[in-house]
Structure formats: C-alpha cells, structure tokens
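Chemist: Residue-level listing of the chains:
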Amino acid sequence: MPFQQRSITTGRSPILLVVLGLTGLTFFVVPLLGLLWRVPWKRTPDLLTSQMVLDALRLSVIASLAATAISCVIGVPLAWLLARAEFPGKAIVRSIVTLPLVLPPVVGGTALLFALGRRGLVGGPLNQVTGLLMPFSLWGVILAATFVAMPFLVITVEGALHNLDEKHERAAASLGASRWMVIRRITVPMIAPSLIAGLALTWARAFGEFGATVTFAGNLQGRTQTLPLAVFVALESDRDAAVAISMIMVFVSLIVLIALRDRWWR
Amino acid sequence: MVAVVLTSQGLTADVVVHRSENFRLELCLSIPSGKTVALLGPNGSGKSTALAAIAGLISLDSGRILFNGVTLDDPATGAFVPPERRKAGVVFQNYLLFPHLSVLDNVAFGLRSRRIARGEANTRAREWIERIGLTGMENRKPADLSGGQSQRVAIARALAITPDLLLLDEPLSALDISTRSELRHMLKEHLTNFDGPRLLITHDPTEAFLLADEIHVIEDGTVTQVGNADEIRLRPRTQYAADLAGFNLIMGTARSGIVDTGVQPLYIANNEIAGPVLATIHPTAISLYLEPPKGSPRNSWSTTVYRVERFENRIRLSTGPPLPVTVEVTEQAKTELGLKPGTQIWVALKATEIGIQPGRFS
Chain A
1 MPFQQRSITT GRSPILLVVL GLTGLTFFVV PLLGLLWRVP WKRTPDLLTS QMVLDALRLS
61 VIASLAATAI SCVIGVPLAW LLARAEFPGK AIVRSIVTLP LVLPPVVGGT ALLFALGRRG
121 LVGGPLNQVT GLLMPFSLWG VILAATFVAM PFLVITVEGA LHNLDEKHER AAASLGASRW
181 MVIRRITVPM IAPSLIAGLA LTWARAFGEF GATVTFAGNL QGRTQTLPLA VFVALESDRD
241 AAVAISMIMV FVSLIVLIAL RDRWWR
Chain B
1 MVAVVLTSQG LTADVVVHRS ENFRLELCLS IPSGKTVALL GPNGSGKSTA LAAIAGLISL
61 DSGRILFNGV TLDDPATGAF VPPERRKAGV VFQNYLLFPH LSVLDNVAFG LRSRRIARGE
121 ANTRAREWIE RIGLTGMENR KPADLSGGQS QRVAIARALA ITPDLLLLDE PLSALDISTR
181 SELRHMLKEH LTNFDGPRLL ITHDPTEAFL LADEIHVIED GTVTQVGNAD EIRLRPRTQY
241 AADLAGFNLI MGTARSGIVD TGVQPLYIAN NEIAGPVLAT IHPTAISLYL EPPKGSPRNS
301 WSTTVYRVER FENRIRLSTG PPLPVTVEVT EQAKTELGLK PGTQIWVALK ATEIGIQPGR
361 FS
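Protein chains in written order, with the working numbering: chain A, 1 to 266; chain B, 1 to 362.
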C-alpha cells in the first residue's frame, strides 16, 4: 500500500500535465520579461524621481493604506456578521459584498459617482451639510480603492471564521471572558494568518486600482493621480516612464507576496 | 422554608432542549455540593447538550436551572445568566486548549478574563501548573504537549477560576489507556478536593463507576435509569445499560500474575502488573458447569446461583460467595443446567478473559 501511495502522489508527473502547466507559467512570465526587456535602466532614476511619479507614489501609498485600514475597520465586522449572525437575506447580502470582485471597476466608479457625487443620492445632501466633496479628491481615490478591494478581506476573513471551530470561543466564555474579550483574545488571534493574508490581498488590490479611481476621482496630478493612472498617462507621452513605473509596481507587489508567502500557503 | 433551604444547595437542572426537529433532550438532575453525578450514555444521546445548557453555552427551550438558589436559566421568566457569569469550570472533550496561547496563558486565561491583574493571575496559574506536575512547561504551546499533559492543563485551566460548579465532558476519552488510568487518579483527587457539585459526562462505564456517586443513564435524550454503580451494573433496565454496564468489576491487588481479591484469587494473563488493580470480566466470558470443569480454565470455584433474571432476550444470573459475579447464559444452557436460585454450580474463567487496569474504587 505505501508503494501505491508513493507512485500516485510523488511519482513522475504525466507529461501532458507538465507541458500544459509550464505553458500556464510561461503565460505569467512572458509579460514580466516584456516589461524587463524595455526598462530604460539609465533613465530610470531620473524617471522615477520626476514630480509626477513622486506625487503618484505618495497618493498610491496613502490611498492604498487608507483603503486597507478602512476595510479592516468595517470589513472584518461585516465578515463576522456574514459568518456568525443569522439574518434574512444573508445570501443576497453576500452576493452584494462580492459583487465588486466581478464587476468592471469602471462600473463601480460610475456607481460611486451617482451615489456620492455632487448631485448623488448621498453625496448631494452630504455636500450641502458638510461641504465635503468626494469625487476628484483624495477621499474619492480612497473610496474607489476601498470599494474594489474590501471584498477580498471580507471573503478571506469570513472563510476563516467559518472554518474556525467555535468550541474554543465557547471554552473562553465558560472561563469568564466577555464576548468582546473572546473576539479580541481568541477569535482574532486564531484567524490571524487569514486576516493578514486578506489584508495583504486587499492592500495589493487597492494599490493597483485603476478603473473605479479614474471614473470616480478623475486623473489630476498631485490630487488623484495614483501610480496606475500615471502609467496610463505616461503610455501616451513617455513610454520609458510607463515602463519604469510599472516595474516599481511589479517589484513592490512581489515583495509583499514573498514576505507573506509562509502565511499565504497555509 | 426547609424545602427552600434544601433546594438552595447545589445544582438543580430541569433541562429541555430541542436540538433538532427529531431530537429532544429532557432530563432532571440534582447535584448536591460535594457530590459527583455522571451522565452515562452513547454518542448522540444528548449528554454534551445537557452540559452545554448547564454551562450556559446554549439556552433551554423549557425547564429551569437553579444553582444555590439562583436561577441560571428559566425560559418561562426570560432569566438567563450568560456563561461568563456562571462560574462553571468546564473541562471540554478534546481539551480545547487555546492553540495560540502558552500553557501559562491558557491556565491564566480565566483569571485574566475576570480582570485579575496579570502578575497575580500568573502567580496563581503557576501554582496550578505546579499542582498538575507541569512545572517547566509554562511557555510551551498546546501543540507541543502530549494528550495527558493537555488534559492536565485543561483541568488546571477549569479549576484555576475557583469555580462554583465543575463540569467534565468526556474528560478521559481522548487519552490512551495507560494515560487514562493515571489521569483518572488525578481527576479523582481533584474531584474529591472540589466542594461544589460536579457533573461528569461519559460514555465509558468504568469512568462513571469509578468517579461518580450517582449515575444517570441517558439514551436518545431521556434518562432511562438512575442509580449508583452497583444498581446500574447489577440491575440494568435497558439494553444499552445491560450491554455496557453488565460487566463485572472486581478490585484487588496484583502480584506475579495473581490478583488477590481478599476472597478468591484470580489468575490473570499479565505477570508484570503489580499493586491495586481493577479486573473487568464480561458476563458472557464466564462459563458454568454442574461438575468441576475439566480442561484448562485457570480460574474455577464452586458456588451457588443467587438470582436469575431475564432481560429481553438474555438471561443473567448472579452467583453467591466466595466471589459474586454476574454471568450471562443462553436459554438453552439455563434449561440444560436447570439453573435456578440455590443451584450448586462451578464457575470457570480463562485468565485471558480478565481485563486488568491499574486503579481502585474510592
């Protein structure tokens, strides 16, 4: 019996699978090579320190971190409700939460515009009362990024909460821990690996957000132009700059994924 | 007023829970302080549900739970004390230690939850760790402990909060046999030192017989028999109780393959074991003869039939001195041997049919 097991799980892989699998890998590697091949190494330092790139980098970092923080504050409780609370229409709520994952970001941006724009459903009254204007501001960039990225956190954390055995939480309650203390000292630490993975995914998605941002927040250098928008603009004017910025984004995202790989593949 | 005083001591639980459409748990328990009651039943009989209701981890559908005169749960009035305010020390099935916390933090968890300062909580947790013999393992994570060690930590964690009530859910079932008897001793000791009511949930009759003062046999959500170890063992009222509890439990001291029972020595197949032991003999493993048995049974003695009982499709009889045992025979054997109270018979028993484990009754 051990021999059979070994031949199935660790023996030589079928040729067809190897060929198809390597083709899949090639599909991911070739675009990266295409980018690397065009990197203007000599001009890169200058290109990356241009005012446009520095502005975009600053906005991207601020917006993506803010979107991740907002997602953490409101997305984790939402995940908890989806996993633990019983309420009617839960399936529909779950569909709505995951909708941004499959919706074209430009549609998301349009929806945000009509909801939170100057004459929007919520944006209108909000503007009249507080004078706040969401579109074409840093707030707009953050909201657009949160809208498209938060679902990653919600579904990751909800999945982790589903898989978590509630017995530990019951044990904690029997030992005298209040519901808050159970969440803080048992639930959150026990789902920490998934939470961190979800935050990383959310941040990466927010960092790369383009469609909803350009639709809802516009493309104003120094105000709403993030790195992906800068790449898009640069493709029209200076292709070298587009390649250099793209390399930065690839590099940063890869670093994050590698740093988290232990948590990731659990 | 006298009745009030009497019922105000200990735990009184009238538990009704509809776990699903076709499962209803309904039982009445009363555990005075300083007594251990066991709920003995097969898997799925509702034992753990009863414990969860008493601990407050689920709420009653109807009935009432009273502890020392305080209502813990009463759906009729809407009274419900949440688990964190019940002061019930629960030892869970499979330990349920917190995997991300060290042994020290696990034991200190209940104290910290009760807002006791970290230093004080850790000092008291260390005392418990010493008491369970795990000094030096404070910083280990549960994943690095053996089953027996984990169970010790689980017991210390439950007792560290100085609970008013102790609830044990299959405390020994996840352990291997040798660790089990060792832990049973420790558990017995802690139970004896604990002043409040104690509830033991188990599917293992030996555990119930050894640790409990009173046993409630529970099947399909209903209590089918209540009694002490001897009453359940000798007069089982259901098929289940008869299957599990019909076996003979004999105490003695083992040495060189012989158990000294004080009356009739028993030859056993284990030459290594020494000291106090508990011999278990299944009632079908004993043979009866009218003449002294020929052949090789190591154990045989002459006695008389004391009582004959018919239980559904089986016949069970008890023998008299020197060593009373319960024997299960077929209808045919009963007729052929003419077994009735007073019949002179020979009991024969192979050494290999005697189960031996270290331990003793209280």
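Calculated from the structure, these hints are not laboratory results.
Since the structure is predicted, the reported quantities are computational estimates derived from the model, not experimental observations.
Please note: incorrect hints may appear among the correct ones.
Unchecked claim - In silico DSSO-like links for lysine-lysine, alpha-carbon gap of 30 Å or less:
id : chain 1 : residue 1 : chain 2 : residue 2
1  : B       : LYS350    : B       : LYS340
2  : B       : LYS87     : B       : LYS188
3  : B       : LYS87     : A       : LYS167
4  : B       : LYS87     : B       : LYS35
5  : A       : LYS167    : B       : LYS141
6  : A       : LYS167    : B       : LYS350
7  : B       : LYS294    : A       : LYS167
8  : B       : LYS334    : B       : LYS294
9  : B       : LYS294    : B       : LYS350
10 : A       : LYS90     : A       : LYS167
Chemist: Take the hints in turn and mark each one as holding or not.
Modeler: Do the hints match the structure? See the list:
1. LYS350(B) <-> LYS340(B): holds (24 Å)
2. LYS87(B) <-> LYS188(B): The given pair, whose Cα atoms are some 21 Å apart, holds under the 30 Å limit.
3. LYS87(B) <-> LYS167(A): Satisfied, since the Cα-Cα distance of roughly 18 Å is no more than 30 Å.
4. LYS87(B) <-> LYS35(B): holds (17 Å)
5. LYS167(A) <-> LYS141(B): holds (18 Å)
6. LYS167(A) <-> LYS350(B): violated (45 Å)
7. LYS294(B) <-> LYS167(A): Violated, at roughly 57 Å.
8. LYS334(B) <-> LYS294(B): holds (20 Å)
9. LYS294(B) <-> LYS350(B): OK: LYS294(B) and LYS350(B) at ~12 Å, within 30 Å.
10. LYS90(A) <-> LYS167(A): Holds. LYS90(A) to LYS167(A) sits at ~23 Å (cutoff 30 Å).
Of the numbered hints listed earlier, those contradicted by the structure are 6 and 7.
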